[in-house]
Amino acid sequence: MLTWSDIIHFTVKGNPTPDQRMEKTEAEWKDQLTPEAFRITRLKGTEMAHSGALCATHDAGKYNCVCCSTPLFDSTIKYNSGSGWPSFTQPIKENAIKYEKDTSFGMVRVEVMCNTCDAHLGHVFPDGPEPGGLRYCVNSASIKIEIERDRND
357 MLTWSDIIHF
367 TVKGNPTPDQ
377 RMEKTEAEWK
387 DQLTPEAFRI
397 TRLKGTEMAH
407 SGALCATHDA
417 GKYNCVCCST
427 PLFDSTIKYN
437 SGSGWPSFTQ
447 PIKENAIKYE
457 KDTSFGMVRV
467 EVMCNTCDAH
477 LGHVFPDGPE
487 PGGLRYCVNS
497 ASIKIEIERD
507 RND
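Numbering (my numbering), first residue to last: 357 to 509.
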């Protein structure tokens, strides 16, 4: 289980190695993504609080990167933080997320990105629930849910 100390360590000493890497040109990303998804994932934008389609979604499944489909979060660790963005307590795998210090807008935060394709997802904060104490605050436009199907379907 990752803790805030682990996150700070990654921002200072380097991120875990991803299982794979995907790189595309800006034109290729523009062709693949909606304008809103491109603005958020490739230009480090943010959607307005409480506006994202996945904020109130509670279906069982995996939340994957909208750019490269890498699994990032599981629905079992999604919770209602009241922040207005989908919130998670842990990534699906330690090496799924990339962390960088973000000093934009006069604040010091930790940006979270897909470690496979560098898509901007949002930020992580040390004010989440126990036991890890993390809150991954993610833009809905940067993720897509792969709904878990009942085995009897």
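In short, the hints are calculated from the structure, not lab data. The reader is advised that the hints may include incorrect statements.
[Claimed, not checked] Derived SDA-like pairs: lysine to any residue, alpha-carbon spacing no greater than 25 Å straight-line:
# : residue 1 : residue 2
1 : 449       : 462
2 : 500       : 438
3 : 418       : 449
4 : 449       : 479
5 : 449       : 461
6 : 500       : 425
7 : 400       : 431
* Hint numbers not upheld by this structure, sorted from lowest to highest -> Failing hints, ascending: 1, 5.
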